[in-house]
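J.: Taken in order, these protein sequences are the chains called F, V and W. The numbering of the first sequence is this note's numbering, which starts it at 25 and goes up by one. The numbering of the second sequence is this note's numbering, which starts it at 25 and goes up by one. The numbering of the third sequence is this note's numbering, which starts it at 25 and goes up by one.
If you're looking for bench data, these hints aren't it; they were derived computationally from the structure. Possibly wrong hints are sitting among the right ones.
Identical chains blur together in the list; that is why a pair holds if it fits in one copy or across any two.
Claimed, not checked - Under the rule of at most 25 Å between Cα atoms (straight-line distance), these lysine to any residue pairs were calculated in the SDA-like manner:
(1) K411 with R98
(2) K411 with D363
(3) K411 with S76
(4) K244 with E103
Model, not experiment: these values are computed from the prediction.
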Amino acid sequence: MARANGVDLYTLIKDHTDGFSMDKAFYLEPDVFEADLERVIIPAWHLVDHISRIPDPGDYFLFELADESIIVIRGRDGEIRAFYNVCRHRGSRICREAQGNVRLLRCPYHAWSYDLDGSLKAARLMSDDFNADDYSLHACHIEVCEGLIFVNLTQGTPPDFHEQMAPMLSFLEVHGLPNAKIGHRASYPTEANWKLVMENFYECYHCLPAHPEYCEVHPKDYVLALGGGEGSGPIESLIDYQPQLDAFNKLADSMGHPSGRSEEEENTPFLRGASRTGIKPGYLSETRDGTPAAPLMGKFNDWDGGYTGVTLNPFFTMLATNDFATLFRFIPRDAVYTDVELIWLVHADAEEGKNLDTAKMIWMWDETTIADKTIIEDNHAGVLSRKYQPGPYSRHEAGTNEFVRWYLDRLTETA
Amino acid sequence: MARANGVDLYTLIKDHTDGFSMDKAFYLEPDVFEADLERVIIPAWHLVDHISRIPDPGDYFLFELADESIIVIRGRDGEIRAFYNVCRHRGSRICREAQGNVRLLRCPYHAWSYDLDGSLKAARLMSDDFNADDYSLHACHIEVCEGLIFVNLTQGTPPDFHEQMAPMLSFLEVHGLPNAKIGHRASYPTEANWKLVMENFYECYHCLPAHPEYCEVHPKDYVLALGGGEGSGPIESLIDYQPQLDAFNKLADSMGHPSGRSEEEENTPFLRGASRTGIKPGYLSETRDGTPAAPLMGKFNDWDGGYTGVTLNPFFTMLATNDFATLFRFIPRDAVYTDVELIWLVHADAEEGKNLDTAKMIWMWDETTIADKTIIEDNHAGVLSRKYQPGPYSRHEAGTNEFVRWYLDRLTETA
Amino acid sequence: MARANGVDLYTLIKDHTDGFSMDKAFYLEPDVFEADLERVIIPAWHLVDHISRIPDPGDYFLFELADESIIVIRGRDGEIRAFYNVCRHRGSRICREAQGNVRLLRCPYHAWSYDLDGSLKAARLMSDDFNADDYSLHACHIEVCEGLIFVNLTQGTPPDFHEQMAPMLSFLEVHGLPNAKIGHRASYPTEANWKLVMENFYECYHCLPAHPEYCEVHPKDYVLALGGGEGSGPIESLIDYQPQLDAFNKLADSMGHPSGRSEEEENTPFLRGASRTGIKPGYLSETRDGTPAAPLMGKFNDWDGGYTGVTLNPFFTMLATNDFATLFRFIPRDAVYTDVELIWLVHADAEEGKNLDTAKMIWMWDETTIADKTIIEDNHAGVLSRKYQPGPYSRHEAGTNEFVRWYLDRLTETA
């Protein structure tokens with residue numbers, strides 16, 4: 025209807041005004057989504073789950089992205105591997121169920137059977153020149169880092185995961201995720217382009233009007249200065265918040281916990297970062313009354329009221345207090361649909377009714393993500409209008425502008 | 025599938041044979057619908073509702089057309105205005121509910137707040153060079169005429185509403201619509217191109233086989249001569265009906281009520297008209313037994329058994345007896361989907377159970393429009409066939425042929 | 025998403041490797057489906073039903089294919105005819121119900137009325153130069169053969185039905201289908217390209233892993249040698265099975281029943297064939313325990329344990345034992361959706377509860393077709409992957425390779 029036709033990506037990028045939201049074509053056009061897929065989504069490392077989902081040999085689950093179904097499976101040797109869920113014979117899906125345990129990866133169509141390492145073990149009645157070694161399952165790039173499983177759908181060599189994650193590693197490590205378990209998970213399917221989802225995620229300008237729960241557990245100065253992440257707020261808010269930040273840093277340092285933020289060189293191609301800040305004074309956790317919802321995780325021996333954020337490129341973010349970690353997974357599906365999934369991790373020994381209160385733990389981000397779904401879908405609806413035109417970001421949306429710059433750079437460097 | 029591909033609008037128009045239905049491309053092709061949007065639908069004035077829907081300051085409702093959501097709202101000064109439901113910040117929808125009452129138009133995303141006249145009153149934390157005057161809501165063209173609210177989505181200067189409505193005004197005025205209220209409303213979503221809907225509306229060739237209810241309250245001579253509007257019937261039917269028409273005109277004139285029809289010059293770009301005729305002899309209203317369903321409206325002091333028709337360009341029609349007015353609103357949604365909405369207006373003092381019988385009032389047009397929905401959808405299904413080819417209009421479908429001529433002229437004058 | 029874009033059919037055909045499954049474009053692209061429609065689906069004769077569905081004059085049913093609705097109707101003279109369900113006036117569907125009995129084909133829109141032979145009998149108020157003879161219903165090509173009704177949507181002269189069916193006729197005739205009735209029918213809508221459905225149908229490599237019911241009633245040697253039809257198995261399986269086949273042929277010959285297979289010249293443009301083989305030794309019918317589910321049909325005076333297969337081009341197949349015939353009808357709907365319908369025919373005198381056990385009769389093919397639906401849909405899902413590439417057919421998939429060759433030849437001869 026009112027959508028831009030005959031999109032010329034070069035022109036769209038060239039005509040973008042820094043400090044403003046983007047042209048509607050970026051949010052609506054299937055052609056732009058194809059470019060996003062090839063240049064941003066496929067090249068990215070995507071969090072797929074926590075290792076505790078598949079503890080035993082033969083345990084697997086499926087991860088779906090960009091028309092692909094990926095089998096993530098633990099081998100007999102304990103290693104976690106990933107394979108495309110595509111039989112080398114005539115292409116059938118091999119695993120039908122979203123998760124399970126198998127002894128072999130046996131295709132239900134013609135019974136071609138693969139070992140858990142992907143090698144073809146059996147294929148009946150093939151011609152004499154058939155060589156089973158040529159028909160192993162296609163492996164998918166995979167990395168396991170601090171208990172988190174990431175995959176990458178790049179068809180050739182993917183970007184170096186360790187290079188991307190290096191500066192943030194110490195912020196992750198303290199939370200002891202390899203010894204965690206999944207406390208809860210929830211999905212928030214959002215009918216809007218993934219960039220409208222990310223623009224929402226990287227600013228806290230909307231927190232005061234739209235997120236009373238968030239503003240209940242985070243001090244107003246923090247919301248203004250850092251609510252949308254490092255550099256997301258106006259300078260005067262940062263100055264106002266600095267004393268509180270200094271106090272937190274001093275406390276964290278005294279307890280031997282990480283503080284401050286990850287170092288970043290200028291002009292990296294990464295949208296990433298890690299930092300620790302304090303939640304509301306007197307609060308121990310990101311819960312309604314500030315009391316913990318779960319036992320201390322990882323290397324924390326006592327509560328420091330800290331809040332760790334780790335973001336990667338930009339589809340994965342972890343936000344964690346001393347007692348639980350909330351993982352954000354953003355999965356673009358098509359030009360106007362994005363899956364948002366949250367996974368809450370707790371100490372492996374946490375037990376509901378004993379030292380774990382799941383409802384209390386998920387309250388804030390569950391309420392907030394439900395509200396964001398509506399907000400983002402309303403944003404999408406408005407962008408359809410002939411009258412929509414890029415509007416100016418406030419001084420509280422610097423993080424969002426940073427995301428847009430990063431996104432346009434990704435398109436430009438390969439355009 | 026069997027649809028025309030590579031539509032060339034010039035060729036399609038050139039190849040049309042007058043007196044026949046149109047090529048299937050006109051009824052099926054998204055490209056033709058795009059042309060219809062730009063050349064016919066967007067330039068038209070569309071009835072959106074009656075003023076009584078928003079009696080108080082701050083009352084609003086939303087109207088949706090062509091990917092747009094329009095806020096129609098009454099200001100503190102009593103004026104009714106229309107705005108695009110698009111925040112000037114990042115484009116979010118401002119009003120989420122289909123109707124309501126507000127003190128300010130406050131965007132739920134970042135709380136940019138607009139006065140009821142559309143001016144931006146508050147936007148937090150903008151940079152110093154931000155000028156709120158540059159960010160008023162986009163106004164939408166609006167006209168209020170005899171209690172009816174019309175909007176126009178033309179992006180520049182719209183066609184002159186008053187010029188279009190002038191010849192029909194006296195026929196409208198007698199019904200006292202500014203002092204009416206909404207008695208009932210109903211929707212008839214129709215899965216077919218809007219032109220198949222209009223072709224159905226402008227002929228009564230199908231009334232005898234398909235609309236027993238209609239034929240119960242209108243005399244057969246009228247159905248044949250004028251059932252599809254002025255000039256819709258064959259000449260011998262007009263001659264047959266003339267004595268009845270003369271009798272009605274004489275009665276109406278004697279009572280000081282309007283009669284006859286609106287004057288029209290040759291070759292105007294308007295598909296419009298107004299007229300008064302009689303319903304079935306002895307009937308006072310368009311009801312099953314001919315007795316009134318509601319009190320006399322407007323300037324009528326006594327029953328004249330008359331039937332007023334007013335049509336505009338061609339998405340709005342009013343058909344009214346002395347006691348109620350039925351408004352027809354046709355809203356094209358896409359190439360193969362059209363919303364049909366009927367609104368029944370009655371005197372503001374009418375009261376259900378006292379002097380208003382809603383079921384009796386809506387009976388005829390509700391039954392008839394339900395039947396038309398099926399008829400039109402069957403027409404659509406047949407047009408999909410490889411064997412469909414334009415067929416000849418009967419002498420009872422002159423009104424439909426007139427509509428097709430008008431439509432093709434609209435495409436041609438701007439093609 | 026991951027689909028081939030800018031499909032060049034010549035290149036796709038040229039790049040195909042014999043003995044492998046096809047490029048994903050053949051299974052996914054709407055453009056290829058358009059080519060399939062024009063070159064394979066429209067030119068084919070399609071089974072629509074059995075004559076017993078419309079025993080009396082005026083009985084009709086609708087058949088839908090490729091945006092067309094076809095009226096198949098028995099005339100007052102007892103002849104069965106087919107017409108496009110498109111009124112010659114403005115294109116409306118004439119018959120709304122999927123089946124019924126009518127005295128005239130009367131369009132519900134404007135009451136144009138056609139005789140059961142398609143001639144226009146009544147059209148009110150047409151201009152003087154209107155000639156009803158010019159407005160008969162468009163006839164659709166139709167053939168009735170052994171009680172089976174076939175139609176063809178070719179717009180000009182269709183391929184000769186009798187030439188296509190001739191070699192298989194004697195295999196059909198013995199089953200006495202003109203004197204049969206419909207025992208049961210069932211639909212298996214399958215979300216996959218029609219060629220994935222056919223590839224599944226023409227091989228029995230998947231029968232052992234996926235169809236325990238089928239393998240219960242057919243001997244393993246048969247499954248390997250002939251399960252996917254003539255020439256579908258490896259040569260050593262044919263040799264292994266030959267003694268059983270010889271025994272059946274001898275028995276059938278001694279009883280005067282058809283045996284062996286239809287003769288075929290080299291390089292015909294037909295994908296067709298007929299043959300008779302034996303079911304499991306000791307079994308009389310294709311039922312779980314091998315006992316009959318219905319009385320003997322046609323010219324069979326005693327049970328020979330035989331199994332007749334007749335296939336035509338490739339959307340129709342009949343598989344029949346002495347007591348019932350299972351008809352397979354494959355109807356491609358779009359690039360990724362196919363309707364599969366099964367019709368079971370029994371002797372006209374069969375009576376449920378007396379000499380007919382419907383549940384017993386349908387068991388094997390109902391269970392098997394339900395399983396195939398899942399298998400084929402999983403195949404479709406895998407073909408979407410970037411990693412899908414044509415895989416090698418086993419020596420047990422020769423029938424499928426034959427189908428692919430035939431299909432590519434059809435595209436090539438008209439490409």
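J.: Among the hints numbered above, which are violated by the structure, and what are their numbers in rising order?
T.: Violated: hints 3 and 4.
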